[in-house]
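S.K.: Letter by letter, the chains look like this.
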Amino acid sequence: MAYNLSFARKVYKNAEMGHWIKMCMQCGVCSGSCPLGPLGAWEFGPREIFQRVRAGKEEEILGSGAMWMCTSCYNCIVRCPRGLPITHIVHGLARYAVETGKVKPTQPTARFATKVFWNNIVKTGRVGEAALSMHLYFIDGIGTGISNVLEMKDVALGMLKSKRLNPIPFRGKIKGYDGFKKMLDKAFELEKK
Amino acid sequence: MKEYSFYPGCSSEKMASAANMENSVHHMCEILGIKLKEIDDWNCCSASIGYAGGGQLPRMALTARNFALSQAQSPGKDVVATCAACWLALRETQERIEEEPVVKAQLDTVLKEANLTYDGHLKPRHMVEVLIEDVGWDQLKAKVKKPLKGLKVAGYVGCQTNRPFGVCGDNFEDPQYLDRMIEATGATAVPFPKKVACCGGALAFSENENACKLIKEILQSAVDNGAEAIVTPCPVCQLNVEVYQGKVNKMFNTRFNIPVLYYSQLFVLAWGGSWEQAALNQQVVPATALQRFA
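Same order as they appear, the protein sequences are chains A and R.
Counted the way the working numbering counts, the first sequence spans residues 1 to 193.
Counted the way the working numbering counts, the second sequence spans residues 1001 to 1294.
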């Protein structure tokens, strides 16, 4: 694969931990350590992602589901012989795909992480597990929502019975919510610069 | 009485998914004479998938607020987390504050918006580190009143309590601390090749079938090695490996029905606590194998 650093330069500058990709020697220990590898869940492991970044495959990488298969198990990070923060680089690329709008809107983990999970936190300051699950199950409308709920009914009943699920899906905001929100707004503003 | 600042995290709230951990940890610390002073008005750490919705600064801002509150409410006290992801967020943010002056300066600016400050000197700890380093193995063993003799347990360390920071210098590929904890209660830690394998984490929500394939391997390994229960320190491991057993059974035509517990539940029971104090009444898969010790 021929080098074309046009995309890589953007990644080095704009993606969290992206500059570390320069150091990758393509040994493949990261890809070989990924728990999702043997399941055939991704088209590229970290090694392949990094080489494609260096080959200028911008659309292919940012539109790919590969980064979104990261479970954050940190196997790759502790095994990388060069000590690269592989997990964080992959997360950084995933975030960069969101920022640039190149992520596919139907990518399940991207959608869950940004539309459901992050919004859930920002709304009150803490995760509301019941609201989180309901939002996710009904994300494609009422029809699939009901079938999702039916599929999860045994789990939900078990959780309710063991008092590990609050039947009231709404929660109040943390006391310092105004300051919390201002902090986040400021953090996003600084990050944009 | 030794006192710590305590960051329980969202899953340890009342009627949340790790309420069984929270309840048993509470009683475990009571028996040990440890006071956990909860950080008042803490917020979510954004867990392992927060990176997608927030970049590095918004993500670290969440944790910086928790540090700032802890510093104001319990000056100088170590910040103890029981949740793997909470602990990881604390460790990562603390490390970057210490090592990257730019990050520290940015977080100072961000904290000012909420009239908060953090001088950057608190020490994040995991509850298992407190048990091993501050309480010590001798005490953990000396507290045993009802040895869980004959109980065969698979010690499932999982990912984030192990990687990338590790616990008490244990190695990443075959950490020993959890097996030692199991043995400290009088139970037997069975060989468990999936000890540090991933349960799928947050992908159990968005890639459920893939996560169930990983969970199946973990369950299979525990059962094949004769375990009657799986024990873990991680709330996501506990939840995924416990509540998806029904789904796994449907997918693979298997019959898994093995309780998945927290180390704190084993300790409370072995130290003479009741079934309820050990929160063993809060299991989705009933902890039948432990009934003989109740």
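Treat the hints as calculated values from the structure; they're not laboratory data.
What you are looking at is a predicted structure, and each value in this text was computed from that prediction instead of being measured.
Positions of the beta carbon are idealized from the N, C-alpha and C atoms, including for glycine.
A hint or two may mislead.
In silico SDA-like links for lysine to any residue, alpha-carbon gap of 25 Å or less [to be verified]: (1) R:Lys1014 <-> A:Lys193; (2) R:Lys1152 <-> R:Phe1165; (3) R:Lys1216 <-> A:Lys193; (4) A:Lys193 <-> R:Lys1152; (5) R:Lys1213 <-> A:Lys193; (6) R:Lys1250 <-> A:Lys193.
Derived coverage of chain R by chain A (criterion: at least 3 residues anywhere in the stretch with Cβ under 8 Å from a Cβ of chain A; other residues may be distant) [stated by the list, open to error]: (7) 1016-1023; (8) 1030-1038; (9) 1128-1135; (10) 1142-1153; (11) 1178-1184; (12) 1224-1230; (13) 1256-1263.
Here are some chain A residues pointing at chain R (derived, C-beta under 10 Å) [to be verified]: (14) Asn75; (15) Thr100; (16) Gly101; (17) Lys102; (18) Val103; (19) Ile146; (20) Val149; (21) Leu150; (22) Phe170.
S.K.: How about the region 1224-1230 of chain R: do at least three of its residues have a C-beta closer than 8 Å to a C-beta of chain A?
M.R.: The restraint on the region 1224-1230 of chain R is violated, since only 0 of its residues have a Cβ under 8 Å from chain A and three are required.
S.K.: Does the nearest C-beta of chain R fall within a distance shorter than 10 Å of the C-beta of leucine 150 of chain A?
M.R.: Because about 13 Å separates leucine 150 of chain A from the closest Cβ in chain R, which is outside the 10 Å limit, the hint is violated.
S.K.: For the pair supplied as a hint, lysine 1014 of chain R and lysine 193 of chain A, is the alpha-carbon distance within the 25 Å limit?
M.R.: Answer violated: lysine 1014 of chain R to lysine 193 of chain A is near 40 Å, above 25 Å.
S.K.: Go through the hint on lysine 102 of chain A and say holds or violated, using the shortest Cβ distance to chain R against 10 Å.
M.R.: Since the shortest Cβ distance to chain R is 13 Å, the answer is violated.
S.K.: Regarding the hint that phenylalanine 170 of chain A lies at the interface with chain R, is the smallest CB-CB distance below 10 Å?
M.R.: 13 Å, violated
S.K.: Taken at face value, is the distance from the CA of lysine 193 of chain A to the CA of lysine 1213 of chain R at most 25 Å?
M.R.: Status violated; Cα separation ~42 Å.
S.K.: Hint validation: asparagine 75 of chain A versus chain R, beta carbon distance must be below 10 Å. Holds or violated?
M.R.: 7 Å, holds
S.K.: Holds or violated: threonine 100 of chain A as interface residue toward chain R, Cβ cutoff 10 Å?
M.R.: 12 Å, violated
S.K.: Three residues minimum, CB to CB under 8 Å: does the region 1178-1184 of chain R make the cut for coverage by chain A? Let me know.
M.R.: Result for this restraint: violated, n = 0.
S.K.: Mind checking the CB of valine 149 of chain A against every CB in chain R and telling me if the closest is under 10 Å?
M.R.: Violated - the Cβ of valine 149 of chain A stays beyond 10 Å from chain R, reaching only about 14 Å at its closest.
S.K.: Is the hinted pair lysine 1216 of chain R and lysine 193 of chain A satisfied, with a Cα-Cα distance of at most 25 Å?
M.R.: Measuring from Cα to Cα gives roughly 45 Å; hence the hint is violated.
S.K.: Once the shortest beta carbon distance from valine 103 of chain A to chain R is found, is it less than 10 Å?
M.R.: 9 Å, holds
Against the hints set out earlier in the document, violations occur for numbers 1, 2, 3, 4, 5, 6, 8, 9, 10, 11, 12, 13, 15, 16, 17, 19, 20, 21, 22.
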